[in-house]
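> Below are the chains, spelled out letter by letter.
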Amino acid sequence: MNILILSLYHPELVRGGSQQIAYELFESLRGQENLNVTLLSAADSNAAALFKSGARITGFDNRPGEFLFLNDDYDYTWQKSSDPLLTEAYVEFLNLLKPDIIHFHHFIRFGVDFLTLTRKTLPRAKIILTCHEFLTICAAEGHMQRLNDGSLCTRPSAVRCHQCLPEKSPEHFFARRLWMQSHLSNVDVFTTPSQFMIDIFAKAGLPREKFHHIGNGLKPRAPKHQETPRPRNHFGFFGQMVDAKGLHILLDAVTILRAGNFENFKVEINGANLNFASPARRSRIETFLAAEAAREVQNVTVNGAYHPEDLASRMARIDWCVVPSIWRESFGLVISEAWTYGRPVIAANAGGPAERIRDNIDGLLFPLGDSRALADTIKRACTEPGLWDKLTAGITQPPDHNAMAEGFFELYRK
Amino acid sequence: MADSPETRKASSASFDEESYLRFNPDVRAAVAAGHFASGRDHFERYGKAEGRQTKKLSNQLRDRVIATGNLDAPRPRPKNWACSIDSVMISPAGGIFFTGWVDDYLEILDSIDLYFGEWAISFSGAGIARTRRPDVEAARGLAPRHSYGFWGFTAAGRTLPSGPCSVVIRLRSGTEASLMIVAEFLSDLELRTTILHQIETANYFGPPAFEAAHSFGPAIGAQITAFNKILAAHAIKTPYAERFGDVKPHYKGSIIVCLHGNLDAIFVQQALFSQQPDIQDFEFIYVCQNPEQAESLLNEARHSAQIYGLDQTIILLGANAGLSAARNLAAQYANSDRLLFVSPAILPYDQNFIVQHTQVLENAPPEQTALFSVPLFYDDGSLMHGGIYFELDMMPRFETGNMAETILLRPEHYGRGAAPDTAIFLRPRPVPAISGAFISAHRAWFEKLGGFSTDYVLGGYEDADFCLKSLGQGKPAWLHGAKLFHLEGAAKPGAAGTINRWLFTKTWGEIVQKDLLGPAPKNPVFR
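Protein chains in written order, with my numbering: chain A, 1215 to 1628; chain B, 29 to 555.
Next up, chain A with everything else stripped away, as it sits in the complex (with noise of 0.2 Å):
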């Protein structure tokens, strides 16, 4: 079987959840007997270096079956390109390599039309789109969380979504609609890393038997530490520091419990990318961050980016992980990055973390969006007495890359 997975940039150039999976994906299945399997990955400015002049799709640092897909030219409001020359590029690509699969893990630097001239070049091919938000139905980042209130949004409309993004009239987010929809009607099989988004894209039109959950699986990490008996108030916040994942619900949290004269707990910040935040979050981040390392005792550092190495050691200095994100997190793939190291979750309870988290069982879910709820959970986990222990006995593996293969396999066959 011939298969082809295409990943928005290749892990080792843009760090990021989609990429992350795509490549443990195609490492697992390029381990196997019979498979041959070719990773396409974008690359823009962020690889400018890598560029070669006149070269639309190059190898990847002499790794067998690694391309990159060199494209510089892209429309996030349409989600496309216009180069003719790199959609030659592709035609050409897929012609040579004439995959029986083409495994989208995402279309962002190729663009969703991609999907028809896929099918069009390779009438006979399966196309597997693999879902790691809603963009194909939410312009807003695909983050279906309203712009203009921060509610969550249920149901995209022309109309709503204008009110997200009021720079753009309903009459473009329903010809959008109908311009994803044309392009996603050439997509065999969809997936999704959680149960609940389907029932998100059902409702927005799109066809429900298509759709399948596949958990995202990460390959096995370095061992876990030795625990020492210790208190159990470090919390770590992991992931980047855009307004999505939800930091400055976290440091809300710090303030109201330190106004509540609570101060015996740490917490410790692993991400970067801040300047991705709008300026008014920006700004309040900021502003607490020069205000706490002003302090005599600093309940809050900042540890600043991270890499895959780098986990065991920073997972080994907190208690608990911390998911404060404000949309609904279409997996999580820190909670599993956690309990890989015996770190219980404390995370907001929408989406993906409240499908995969079991309350009081393996962690501790609090409402989305609510500072308060969240500065009580976190006293209550440094202060309940056997919590910790209970919630990481709790904790059961979540399943591997070669799971996740599997299952994605098992697509393909079918």
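Source of the hints: derived by calculation from the structure; they are not laboratory data. Since we're looking at a predicted model, the values are computed, not measured. Check before you lean on any hint, since a few could be wrong.
[Said to hold, decoys possible] If the Cβ cut is set under 10 Å, some of the chain B residues that face chain A in the computed set are:
#, residue
1, Leu214
2, Ser215
3, Leu217
4, Ala333
5, Ile335
6, Gly509
7, Phe513
[What the hints assert, rightly or not] Output of the computed footprint for chain A on chain B, the stretches with three or more beta carbons under 8 Å from beta carbons of chain A:
#, segment
8, 222-231
9, 323-329
[Said to hold, decoys possible] Estimated spans, in silico, between C-beta atoms of each pair:
#, chain 1, residue 1, chain 2, residue 2, range
10, A, Asp1573, B, Asp408, 40 to 50 Å
11, B, Gln387, A, Asn1276, 55 to 65 Å
12, A, His1427, B, Arg455, 47 to 57 Å
13, B, Gln321, A, Arg1472, 55 to 65 Å
14, B, Gln387, A, Glu1302, 57 to 67 Å
15, B, Asp408, A, Asn1276, 29 to 39 Å
16, A, Asn1216, B, Gly289, 39 to 49 Å
17, A, Ser1267, B, Arg438, 13 to 23 Å
18, B, Gly289, A, Ala1262, 48 to 58 Å
19, A, Asn1216, B, Pro393, 55 to 65 Å
In this text, a Cβ means the ideal position worked out from N, Cα and C, and glycines have one as well.
Given the coordinates of chain A, work out where chain B should sit on it, guided by the hints.
Relative to chain A, chain B alone:
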């Protein structure tokens, strides 16, 4: 100033000492004081030059004005009278445009003359558009309610040298002012844009559409349409055309789309129409009137051809020719007998449009398919268009003291905003007109009617104009039963819409008023 013989005769022969002293009590007092020997002495020395009254009226007819001097002689400027010329603009095709203001509240503007080194032109006050000028009103304090502003335009039809210009603004009383200005030399397109901007931004005391229409009437409207026609003809003179996909000798239909600056339509429409069964029997013809978009458009076309595999011709124009000229030009590139004029905002309602369109052509009598449209729907699901009928708007004008009315035709869509299944608006039937957002026309009939009129500026009303031409030739437009979305937003008609509405009313007002008014017109074709 020397006396005319008549004045001298009247002065000496008919001088009446007693009347003079009666009319001029200050003179009587001066004579009594010995400053003058007599009233006549004062008259000869001062009174005549001062225009003092000399004649008694007691023997004249009552209740009428008696001329006691030369009423038509040039007058000195009234106190505080003022005027200004703001700009004079010339373009290569002979467009001449000027703006300014004049205080002619008491004495009506007679003419404005422009004198250049090698040519001159005089504009009649009656043909000059008048506008409100809040800046002048403010500067002149408690100014009366009066349109001080003016602007004028004419299309001379030949290149004229620009440069320093002497402007003479003359009132009917003969009062005049000479002003100097250096005329700007603009491209024809820039001048058209300037004129449209002037129309769009002008201030009026009354409703702008009617006030503007009133100002177009005597001269300017015809001059603008003539100028636009020159520009349109020039814009389509040297088109660039490139074909993508196959070139079949004959298609079932040619889908003609004139892009309005936004290139989204080319890929969104093709993505959706490419899902229609039998679409391979149709070709697309896109016209782009913005040369700055040439590269992007050709890239999009090539990109789309690879993805959707539809045959298409791209026509690039060097300038905006307007919708009529662009559509007429595109029709010449069509390889079919059926022309489908489609707005970029049109999208298929479902996957059956092409099949249903073919069924209409196969099943309906030819006279019902020479020119037809279909129900169009908004993005919100409601009906947008079920044919067009005409209403008449009237507005009185009091500006000059004479009450006169301005009339304008108003096209209205049958069923606009109705529930999508409102059968009365969806049934196949002849209608007074159809929306240009989608027009299916038999090519021979389209050509026989001479295509869309290029009198209309840029776009608007040429669709209704075309339908009334067809009706006049014996074939009304029809509405048939396929469906399309028309994602028409909240765009305002703009200045071109204002002038086109005036032109449409001028062209068809009488005929429409006769038996085409209202949703149920008297014309037997629609009964």
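> Now tell me if each hint is right for this structure.
Comparing the hints with the structure gives:
At about 33 Å, the closest approach between the beta carbon of Leu214/B and any beta carbon in chain A exceeds 10 Å, and the interface hint on this residue is violated. Using the Cβ-Cβ criterion of 10 Å, the hint placing Ser215/B at the interface with chain A is not satisfied: the shortest such distance is roughly 30 Å. Here the hint on Leu217/B is broken, as its CB sits about 27 Å from the closest CB of chain A, past 10 Å. Because the smallest distance between the Cβ of Ala333/B and any Cβ of chain A comes to about 8 Å, under 10 Å, the interface hint for this residue holds.
At a threshold of 10 Å, the smallest CB-CB gap from Ile335/B to chain A is about 5 Å, leaving the interface hint in force. Taking 10 Å as the C-beta contact cut-off toward chain A, the hint placing Gly509/B at the interface is violated, the least distance being around 21 Å. Here the hint on Phe513/B is kept, as its CB sits about 8 Å from the closest CB of chain A, short of 10 Å. Proximity of the segment 222-231 of chain B to chain A, defined as three or more residues with a beta carbon under 8 Å from a beta carbon of that chain, is not established by the 0 residues found.
Coverage of the segment 323-329 of chain B by chain A holds. Counting CB-CB distances below 8 Å, 3 residues qualify, and the rule asks for three or more. Between Asp1573/A and Asp408/B the C-beta distance comes to about 41 Å, which sits within the given range of 40 to 50 Å. About 60 Å separates the C-beta atoms of Gln387/B and Asn1276/A, a value consistent with the hinted range of 55 to 65 Å. For the pair His1427/A and Arg455/B, the supplied restraint of 47 to 57 Å holds, since their beta-carbon distance comes to about 48 Å.
The hint said 55 to 65 Å for the Cβ distance between Gln321/B and Arg1472/A, and at roughly 57 Å that hint holds. For the hinted restraint 57 to 67 Å between Gln387/B and Glu1302/A, the CB-CB distance of approximately 38 Å leaves it violated. For Asp408/B and Asn1276/A, the hinted distance range of 29 to 39 Å is not satisfied, since their beta carbons lie about 55 Å from each other. Under the hint 39 to 49 Å, the C-beta atoms of Asn1216/A and Gly289/B, about 44 Å apart, fit the expected range.
Checked against the hint of 13 to 23 Å, the C-beta distance between Ser1267/A and Arg438/B comes to roughly 59 Å, which is inconsistent with it. The hinted window of 48 to 58 Å between Gly289/B and Ala1262/A is violated, with their beta carbons roughly 31 Å apart. Against the hinted window of 55 to 65 Å, the Cβ-Cβ separation of Asn1216/A and Pro393/B comes to about 56 Å, which satisfies the hint.
Hints 1, 2, 3, 6, 8, 14, 15, 17, 18 from the list above are not met by this structure, while the remaining hints are.
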